[in-house]
Amino acid sequence: MAIIEVSNLKKSYGNLDVLKQITFEVNKKDVVAVIGPSGSGKSTMLRSLVHLEEIDGGSIRVADDYLVKDGVYSKPQDLKKITSRMGMVFQHFNLFPHLTVTENLEVAPRMLKRESPVAIRHRSTELLKKIGLTNRADAYPANLSGGQKQRVAIARALMLNPEILLFDEPTSALDPELTGEVLKVMKDLAEEHMTMVIVTHEMGFAKDVANRVLFMDNGQIIESGHPDDLLTNPQHDRTRAFLNRSFN
Amino acid sequence: MKQNRISFGNPVLFVEEQFMSADYFKTIIVPMLQGAETTILLFLIAIAVSIPLGFLLTLAVRSKFKPLSLLCQGYIHLMRGTPLLLQLLFICFGLPLIPGIGQYLVLDRFVAAALGFTLNYAAYFAEIFRGGLLAIDKGQYEASKVLGLSRWQTTRKIILPQMFRIALPAVANESVTLVKDTALLYAVAVPELLHFAETAVNRDFTIMPFFYAGVIYLIITFVLSMFFRWLERRFKFE
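Just so you know, the protein sequences line up as chains A and B, in that order. So for the first sequence, numbering that gives the first Met the number 0 puts the first residue at 0; every next one is plus one. So for the second sequence, numbering that gives the first Met the number 0 puts the first residue at 0; every next one is plus one.
Simulated from the structure, these hints should not be mistaken for laboratory data. Note that beta-carbon positions come from the ideal geometry of N, C-alpha and C, so glycine has one too. The reader is advised that the hints may include incorrect statements.
Facing chain B, from chain A, some residues (calculated, C-beta under 10 Å) [as the list claims (entries may be wrong)]:
| id | residue |
| --- | --- |
| 1 | Pro-140 |
| 2 | Ala-141 |
| 3 | Ser-144 |
Computed list of chain B residues with no C-beta within reach of chain A, every gap over 10 Å [claimed, not checked]:
| id | residue |
| --- | --- |
| 4 | Pro-66 |
| 5 | Leu-84 |
| 6 | Gly-130 |
| 7 | Lys-144 |
| 8 | Leu-217 |
| 9 | Phe-221 |
Use the sequences and the hints to build the structure in full.
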């Protein structure tokens with residue numbers, strides 16, 4: 000059974016339909032890259048999965064529970080439990096500027112009190128090692144490079160042991176020479192079979208790491224498939240036009 | 000008249016030697032320091048109460064309960080839109096004139112003044128904090144939500160620390176203004192620093208007490224500014 004099932008997702012701002020009947024599934028261990036032009040609804044779709052956007056119709060199921068079914072949201076107390084299966088990494092990192100790197104990692108687990116402080120510290124130390132920032136543990140975000148900030152943001156999302164990680168254009172705010180270090184961390188996660196949905200403009204990364212690509216345009220999924228097929232031999236004109244623009 | 004003419008015409012002459020002496024300084028500095036004590040006490044009370052009160056006002060203004068929000072907005076506008084001097088005079092001399100209940104509203108002058116300053120400054124601090132909240136990126140709320148923090152946890156751990164940090168320079172500025180505004184106590188006849196200086200000036204026909212008063216204000220505001228500088232460095236987050 001798919002771990003995320005989205006069907007007939009609809010959202011509009013006034014007269015503008017930003018999502019029109021979006022339907023797709025994400026299986027466990029999938030790495031799904033979502034590509035498409037700006038304003039195509041990619042980010043809105045991703046954000047609606049963690050309830051940062053309210054949708055107007057359709058269903059989102061995560062594991063065994065419906066976040067929203069036929070346009071009706073679950074009870075408020077259940078929403079949090081359902082979205083807690085997912086971690087999110089933002090384009091602009093959204094690190095907490097008044098907290099050190101370690102505190103950024105630990106603030107949520109400590110507040111949620113699901114684990115002991117010792118276990119939390121153990122995990123944050125481990126994750127900092129994994130992203131290669133052990134020596135920056137006590138630094139504030141202001142003193143980190145963009146690439147380091149985004150790596151910290153990924154580690155922060157991992158602190159809560161999510162089953163699925165969502166990335167909203169994780170490298171779009173970075174200088175080109177800093178994207179590599181972030182993509183490397185994401186690639187490592189893919190190799191550990193983390194389930195990931197990544198809204199991205201990095202076609203090379205999508206080709207290398209994703210096992211499925213969704214092309215969105217104008218609030219719809221136009222085409223989806225394995226990156227080798229979709230990126231090299233797209234079936235739709237719009238996909239072809241977009242890819243031509245992206246690769247040139 | 001003669002003395003005045005000399006004073007304006009020749010600044011060296013009016014600072015008569017006897018008032019420059021250490022003896023005169025000693026006799027006058029004691030009451031002035033007592034006045035300064037009142038000034039500082041009023042400042043401390045006003046700042047200690049008006050900052051938390053201002054913060055509560057900010058929260059109330061942002062409340063989803065409209066009547067509360069509107070009431071507090073009205074309060075802020077009232078306090079910022081009328082002179083502090085008028086408010087002080089109203090509390091000290093106006094309240095006791097209210098028919099029926101006025102007799103119960105005769106407050107000690109200092110208490111009345113402290114109340115006036117607190118109510119007035121709370122409105123200013125509320126606006127400063129509101130500005131601080133507006134400056135916080137919405138990404139901070141989104142990250143907190145996705146990490147599973149409740150609204151209250153988000154407010155307490157993520158938003159408020161940042162709000163206070165952003166508001167710090169404006170709070171420092173407002174605090175220095177408060178120190179100087181304590182001179183308004185003069186108008187409601189609470190003997191504070193400026194009152195003693197003026198008394199001495201009139202009594203002794205010398206300008207020196209004004210200088211002393213100025214220096215004491217400068218020392219207080221300097222210490223205060225240093226304190227806030229320290230706070231800003233301490234919470235630089237770099």
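Structure-based check of each hint:
1. Because the closest C-beta pair between A/Pro-140 and chain B is about 8 Å apart, less than 10 Å, the hint holds.
2. Proximity of A/Ala-141 to chain B holds as hinted, the smallest CB-CB distance being about 5 Å (cut-off 10 Å).
3. The interface hint given for A/Ser-144 is violated, since its Cβ lies 14 Å from the closest Cβ of chain B, which is over the 10 Å cut-off.
4. Even its closest Cβ contact with chain A, about 25 Å, leaves B/Pro-66 beyond 10 Å, as expected for a residue assigned away from the interface.
5. With a least CB separation of 39 Å from chain A, B/Leu-84 remains clear of the 10 Å interface cut-off, as annotated.
6. Every beta carbon of chain A lies more than 10 Å from that of B/Gly-130, the smallest distance being close to 17 Å; the non-interface claim holds.
7. Against chain A, the non-interface label of B/Lys-144 is violated: not every CB pair exceeds 10 Å, the least being about 7 Å.
8. Residue-level check passed: B/Leu-217 sits 33 Å from the nearest beta carbon of chain A, beyond 10 Å.
9. Every CB of chain A lies more than 10 Å from the CB of B/Phe-221, the least distance being 28 Å, so the non-interface label holds.
Violated hints for the displayed structure, listed by number in ascending order: 3, 7.
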